[in-house]
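**Student:** Single-letter residue listing:
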Amino acid sequence: TTSFQNSGLSDVLLPQIKKDIGLDVQLIVVGTGQALKLGEAGDVDAILVHSRKAEEAFLKAGFGTHRREIMYNDFILIGPSSDPAQISEADTAVTALQKIAAAKAPFVSRGDDSGTHKKELSLWQAAGLDPATFGSWYRAAGAGMGATLNVASGMDAYVMADRASWLNFGNKGDLKLMFAGDPVLFNQYAFIPVNPQRHPHVKTALVAQLEDWLTGETAARLINGYKINGETLFTFNATKP
Amino acid sequence: MTHSILPLTLDGAIARVRGKTLVGPVDLQIGETGLTIVMGPNGSGKTTLLRLMHGLQRVSGGRVEWAVPDGMARGRQSYVFQSPIMMRRKVVDNIAYPLILHGVPRRQARSTAAEWAARFGLGDALDRPAPYLSGGEKQKLALARALIRQPEILFLDEPCANLDGRAIREIETILQQAQADGTRIVMATHDMGQARRLATDVVFMYGGKVHETAPAPDFFKQPTTAEARAFINGDIVE
Amino acid sequence: MTHSILPLTLDGAIARVRGKTLVGPVDLQIGETGLTIVMGPNGSGKTTLLRLMHGLQRVSGGRVEWAVPDGMARGRQSYVFQSPIMMRRKVVDNIAYPLILHGVPRRQARSTAAEWAARFGLGDALDRPAPYLSGGEKQKLALARALIRQPEILFLDEPCANLDGRAIREIETILQQAQADGTRIVMATHDMGQARRLATDVVFMYGGKVHETAPAPDFFKQPTTAEARAFINGDIVE
Amino acid sequence: MNDIAQGTIDAFRLIFTLDPDLLEVVGLSLRVTVTAVLIASLIGLPLGAWLVINRFRFRRQTIAVLNALMGLPPVVVGLFVYMMLSRSGPFGVFGLLFTPTAMIIAQVIIITPLIASISHQTIRDLWAEYHDLLISLNTSRWQRITALLWDGRRALLTAMLAGFGRAIGEVGAIMIVGGNIDHSTRVLTTSIALETGKGNFAFAMGLGFVLITLAVTINLLMHSLSRTERASVW
Amino acid sequence: MNDIAQGTIDAFRLIFTLDPDLLEVVGLSLRVTVTAVLIASLIGLPLGAWLVINRFRFRRQTIAVLNALMGLPPVVVGLFVYMMLSRSGPFGVFGLLFTPTAMIIAQVIIITPLIASISHQTIRDLWAEYHDLLISLNTSRWQRITALLWDGRRALLTAMLAGFGRAIGEVGAIMIVGGNIDHSTRVLTTSIALETGKGNFAFAMGLGFVLITLAVTINLLMHSLSRTERASVW
Ligand SMILES: Nc1ncnc2c1ncn2[C@@H]1O[C@H](COP(=O)(O)OP(=O)(O)OP(=O)(O)O)[C@@H](O)[C@H]1O
Ligand SMILES: Nc1ncnc2c1ncn2[C@@H]1O[C@H](COP(=O)(O)OP(=O)(O)OP(=O)(O)O)[C@@H](O)[C@H]1O
Ligand SMILES: [Mg+2]
Ligand SMILES: [Mg+2]
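Chains as they are written, first to last, in this note's numbering: chain Y, 3 to 243; chain W, 83 to 320; chain H, 83 to 320; chain E, 120 to 353; chain S, 120 to 353.
Heads up, a few of these hints could be off.
[Said to hold, decoys possible] To give an idea of the chain Y side of the interface with chain E (calculated C-beta under 10 Å), a few residues:
hint, residue
1, V110
2, D115
3, A149
4, G175
If you are wondering where the hints come from, they were derived from the structure by calculation, not from laboratory data.
Just so you know, even glycine gets a beta-carbon here, dropped at the ideal spot from N, CA and C.
Bound-form chain Y, shown alone (with noise of 0.2 Å):
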């Protein structure tokens, strides 16, 4: 997943796992639906990703061991500094999606089946409303966070994103974040190792001692201590098995 390490958090992470374990992690960074391909093939030994839908189609297609959270951030709503629909002032993130149905204020979607471009269509299903009968103000840019971000800085129009991808944005132009909290917002991310019994070459063993390490004490402080303009982006919830 792309805000993995746009968020730079994969920079605090990757050299203290090399410190700590000596595992030298290559980071491939794709979409989650490219992720899971990578996984299906064997390709990569594990991922993380964002989606559960698809996560849990993945383990059931025996694709890979199990899942194991690991933490979660949240997405938020972004707008045009002079927020056409008011949405600053909504108290669920669906009725701020109502409002800017009805002022058909300019919207992007990511558009491309990603975690988060999932996560916006069943919010916009909560709201009673589908996006195929939008009218030309709904825009699918079909493209990645930053892609799409950049799409609505270009267009002033409002875009769903998480927050670690908007924090470490540079292009924000007009832009400002508009609407955060809802629960229903929250965006857990989760370690899949894949399974050896269909990729054989796949280091188990390795993997094994990366996931101790990312559910461990260490990465939980960094993690929970990472900041950007002093605001936390992830919070680390793994569970001791």
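With the hints as your guide, set chains W, H, E and S with the ligands onto chain Y.
**Tutor:** Frame of chain Y; chains W, H, E and S with the ligands shown alone:
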């Protein structure tokens, strides 16, 4: 006609390529009338001299000057190259090209070109792509293309090398006609007979220098230099 | 020497390009000895006939056959083109190229090439890029490159068109020497004097057909066709 | 590999059933690319010829830079155009960002150096052939350029086709300035990138085949129109 | 626009202070691209020449397809190479995915058609000039190809430089098969894409300038080595 572009004066003119002097220094004047034949052994610099006069070869030293400013003189000359340059077009379009450059409407240029082609025995070949012509036909095309501009001075570099006897005679007639009409001609050739038939005066090149200049009758009767004498006899020029 | 590739037999041979017959049908035999001169007006098909014999022009009808299988005959011929083709290399490398193709080591090929260049008066030009040679020097290079292969048959297409008198004489000597050493020569030329000096027999082309063939003395003394007679006199051939 | 076959079949089924979405995407791809190639040719071909016939002080350096510009990374071009066209950029007032026009601008910037470089190379040989004649005929610069471009037109086709190839397959810049917005700026390449991101490799490959089929068709068409291969010299 | 200036300054500061990370990225970019260009030239140049000297039935079609392949979308090539090299693909056992080798393979596939097409065009003119002579000298196919490639070497440089340009600026395929792994497969273009995704336009542009500077340097170097512009004919 406006002021003639002639005489052409070469004053210590030198052609140098990457440090090597090909021709010169040359002092020479091409007067207003006549037909000058440039002769000399292979590699003696005939082509380079003609190019120098025509402005194709950069003057590395000395002066090459027309009676009018250079810009005016440029458009009033024609040159026929030793190996004819064919544009990748039809014969008629090749011949018409100089006219079209001068703004003659395409239709009219084509029909004038067709007339000239016929005069040079290319009447049948009008619609053929020029690069496919035979060696002699290419030379005829180049001649037609040069004459269609009705230049004041015409440079010819061995224009009859690949022509048959009849074509040579016909073209000599055309050239003499052009000369009578006031076109100044400067021509390089190896054909001694042709030189005798046409020349009013001769420039004999040797080793990149003008070795001897003389009115034609004098040159062929009594060349002053030993080299020219040997050359006329086809002897070894050393 | 192995079996000679001669005689060469043309039997109703036709050269056709995009539906247009350029030359033929031609029935002709090139025997084992002699020097055949191909003559005829411009565009009569001399070049095309030579190319047809050499295998450069596709045979569209009839047969062109050597005494040995085609594959064997290919490597034992040389051809000098009407407009010499210069490879973008030095003079010495141009001349050495056929030897290198035959597997001669580069050093040796170069030194042999230098000898041949000297024979053709190109001794000073060895290290010059071939495309910058003068017209006559290019022709000399082409001749040296053709002869260095020591072919059994040599096709020459107006090889002396741009040469000076002395060079022509020298090259005629070289050709006569080669002929004496057993090289068959077929040569197109417009130079009547040269034809008289060299020919053992003459092929007269006219309008894409072989109009007359005869031993040289007969042809020049008493051509059988009116066209050949007119041609020899430089008259209008109609 | 069966996946791929399936993806291709899917993609072609969409084409042959004239799926309106796919046709829209294909149509936009073609419109944007063809326009870009035409504009880039109008600039690049004369520029290539101009560089051939003029000798000036930094000619060699200019040509080297032009050649180097063939390596302009599309992403950088995309960024540059984005910044120019964005609301806060100098041309922001025209509101061109995320429109096909923006995509055309980016492609023109990318392929013009390519077209100019290749045509420069092609025309050099022709100029070596024509040089003496055109100088002797006292032609103006412009007359020289037009003669070279006209007589070299069949060879210049390769330059244009190379430009077309680069443009039709380009995604980095297009994505940034076009935004891959559904029904508005989505083209074949951005769709492929999207499907790849979704992990729909098979369908992405299928779209890839559609794109290549398109390119082959256009190349065949151009070749037969220009009859490049019929004559050996021209 | 000040942003950009700042980004450029930052990027060049990194270069001039010999920042090891940046040097590593630049080094890998060069290594991958140069290797790919060499391999693609070894295939593309003789292929271009071969297509010139041989007349066969579907020659015209073959050339059109080759031209069309210049338009291979990098993403599709990337996908294709990915599927070939993936563990579940036919060449999975070699474990090449996400290594520089995989990136080289993808680039070779992308630029070989480009190099072959341009060299085909270049060599055609030379073949028109040499045709009679080389046929008359009874040369073998291979001798013809080598003569044409050798005597046309300076013009063929453009083909190679076009290939270099396309490869050094390419990101779509590289990203998929290389994975943009820090210290392992990260090159300039993927870094630029990464920074763009983060919205760090200034730094991305700065890296872009570094890349272009690199390309210009290499082009100037090649030109002066080959002295292309010194002689007018060759
Ligand atoms: N660009 C060049 N670089 C080097 N040498 C050259 C160049 N052009 C011509 N030469 C040399 O200069 C000399 C004179 O050449 P030029 O073409 O003027 O001779 P020419 O008298 O016309 O000979 P020909 O009768 O064979 O046509 C020749 O030896 C030729 O090789
Ligand atoms: N590829 C071609 N396509 C069409 N016509 C051609 C082609 N090649 C030659 N011709 C024509 O065929 C005729 C014969 O040409 P060829 O070159 O054999 O003549 P030639 O006898 O050698 O003439 P020259 O004495 O002028 O060299 C010419 O009229 C020429 O225009
Ligand atoms: Mg000369
Ligand atoms: Mg001929």
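**Student:** With a cut-off of 10 Å, does the beta carbon of A149(Y) approach a beta carbon of chain E closely enough for the hint to hold?
**Tutor:** At 6 Å from the nearest chain E Cβ, A149(Y) passes the 10 Å test, so the hint holds.
**Student:** Answer holds if the nearest beta-carbon of chain E is closer than 10 Å to that of D115(Y); otherwise answer violated.
**Tutor:** holds (4 Å)
**Student:** Tell me if G175(Y) is really an interface residue toward chain E, meaning its C-beta lies closer than 10 Å to one of theirs.
**Tutor:** holds (7 Å)
**Student:** With chain E as the partner, please determine if V110(Y) meets the hint condition of a C-beta pair closer than 10 Å.
**Tutor:** Status holds, d = 8 Å.
In the structure shown, no violation is registered for any of the earlier numbered hints.
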